[in-house]
Amino acid sequence: MVRARLKPGDEIDGFVVEALAHNGGMARIWKVSRPDIAYPILMKVPVLGEGDDPAAIVGFEMEQMILPRLSGPHVPRFVANGDFATLPYIVMERLPGTSLYPLLERLPLPPEEVAAIGAQVAAALDSLHRQNVVHLDLKPSNVMFRESGEAVLIDYGLARHIHLPDLMDEQFRLPYGTAPYMAPEQVLGTRSDFRSDLFALGVMLYFFATGERPFGDPQRLKGLKRRLWRDPLPPRARNTSIPPALQEIILRCLEVNPAWRYPSAAQLALDLQDLSSVKLTARAEKIKRDPLGTVLRRRFNPVPIETVKPQTAETQLSNAPIVAVAIDLAGGTPELAEAKRRTVARIIENTPDARIACLNVLKINRIAIDTSLDEEGRNKHVMRLVELRTWSTGLPTPGGGITFHVLEAVSPADAILAYARENHVDHIVMGARAESAMRSMLGSVSGEVAAHAPCTVTVVRNRQRPG
Amino acid sequence: MLLAILSDIHGNREAFEAVLAAARAAGAARFVVLGDIVGYGADPEWCAERTRALAQDGAIVLRGNHDDAVGNPNVTMNSTATMALEWTRRQLGSDTRAFLAALPLKAREGDCFFVHADASVPSDWNYVLDASDAGQHLDACEARISFCGHVHKPALYCAAPGGKVTHFCPVAATPVPLLPQRRWLAVMGAVGQPRDGNPCAAFALYDTDSAELRFLRTAYDVETAAGKIRTAGLPLSLADRLFEGR
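Chains A and B supply the protein sequences, listed in that same order. Residues in the first sequence are numbered from 1 upward in steps of one, following this note's numbering. Residues in the second sequence are numbered from 468 upward in steps of one, following this note's numbering.
Next comes chain A alone, as it looks inside the complex:
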């Protein structure tokens, strides 16, 4: 292997080295350029030497394998890999600004800011997980932001692509990760569960909201394993301004058993975007750590850790879709409402961790300022919510819960589509408007949604009776 020492002005495979941007223990990062690439780029060159941590090399190989297979706004754009026989490197997009690391100077952050950052990071994790990659080293210094607002996850040195061989696995006896953020199952050696990243995000949110790390920064395996049985001090015990809903989210992310966390990053993002729709449990009100007796019992009779294998990781995720059900309260027939309820019930049976969002569009006038009060003085919005709840009566309870939303909009189709895009919806269920003069004049809402939706759309229609 050629141990080239780079210096500004050097040219490698068409890339011109400009300046050293970062000199880390495992890699040096150079600002580079190439005439045909218009955006800023950097070159990551691993530090390879005698007696170095072999994980550094394997981590670099993993990143060379995974980064070219990722796309979308939440990852740095991949440009090129350098050959190990000459000079190993990865060239990728250089993101503007800094990571979340400098934020640690001004903790705790206001709860709204914590939730907003969390929602962005959860959306980025959702995108990564849908590309079959678990990050496994999520922490403030690995989160950056685009100028357009999207969170970008960097550093795939510990990541796992569940369709590719895991070079980290079997190679090393000790778990690799960053001590404060590692999920319990990761401490025990599991590297294929998407929900490990949700634990790490929970640690970040806890840290941002309270200024303290929930499990400290243990330096040895024994200290790392403590999180398997010792629960952290609830966030509200450290900072009373944290709303119960945010504590609920954080403590759910920090569950020892991955199966008790959110089933998907998308469902977590949904809750972080709207704290008012979070279903509160005993976690929200907890103000003390578990009593010593409970902790001792847990130490000798551990919490189950139900992880998923690479072969089943995709199934676990696909069992947790976000389903938006558009309900036409005024125009639909009782038969259609019933058919739609049956369809949704079947979806819940087949994908038990689903999250169901019931939507109704309250049409507002294009020009006139609408009065939101009807003749009887009752708020239309509230009435619609009550009707949505009534519609959902009798549905089985999905693992992800049911929420109700009234969207005020001029165009129902646009409102449903916007909701689906903003909330990572996997499946839209809606009814077809009956054959009528209205439909031929106005066009069909379901037709428009089906044509433009970013996901699966089921249009429910009753078969016409012969006659």
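Since no wrong hints were added, every one of them can be taken at face value.
Here are some of the chain B residues that sit facing chain A, going by a computed Cβ distance under 10 Å:
#1 A627
#2 F635
#3 P637
#4 V638
#5 P642
#6 V643
#7 R649
#8 W651
No lab work stands behind these hints, which were simulated from the structure alone. Note that the coordinates shown come from a computational prediction; the quantities given were computed from them, not determined experimentally. C-beta atoms are modelled at their ideal positions from N, C-alpha and C, and glycine is treated no differently.
Keeping the supplied structure of chain A fixed, place chain B upon it in accordance with the hints.
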């Protein structure tokens, strides 16, 4: 160039045809057949003929233990395989027997090595079942990338320089980059008698330019293949197992 790598066709014409069509549709420019063209299935003569035509068009074709057993009276196999072998011998013409007997046991091309079973003694037909077997195989061949079959379950082994051998069970058709600084052994699944619980015919495509390997599966007409096995009077278990891929 895109290489299509097939192994363990086992006289299953329907599976073989489906794989050839799928490989061609995916852009395969050259074929490699890692042996066990005959044995178990009801169309040994057709499969051998078709393979011979591929060889004439430049395919690499190797001999497997079942191909070898056709012309070897001293071979011992389990009772089902022996019944299938005796039946197969009766189906094959002298040309086909000569073709099978003359096939090489191994082949090398560029940084790729091909063999039916474990490379350390190819004629011993040892299975590569775990990382330790794979280590033995890799020690015995010099090529960076090596392909074998015989096991009927796809697997990919990887060895870092001086490091341990790791095992990977392919879970999807995602291209796996065979990183140039490591050595690799790809064990092909079976075209004609998969045993990994998936009844679809298995094969792989290797892109010699990008060094990316894809493990692929293709559905085929199992009903017909199994029906022919029953009609031929071959052991019924050979038909039944095709439906479950076991």
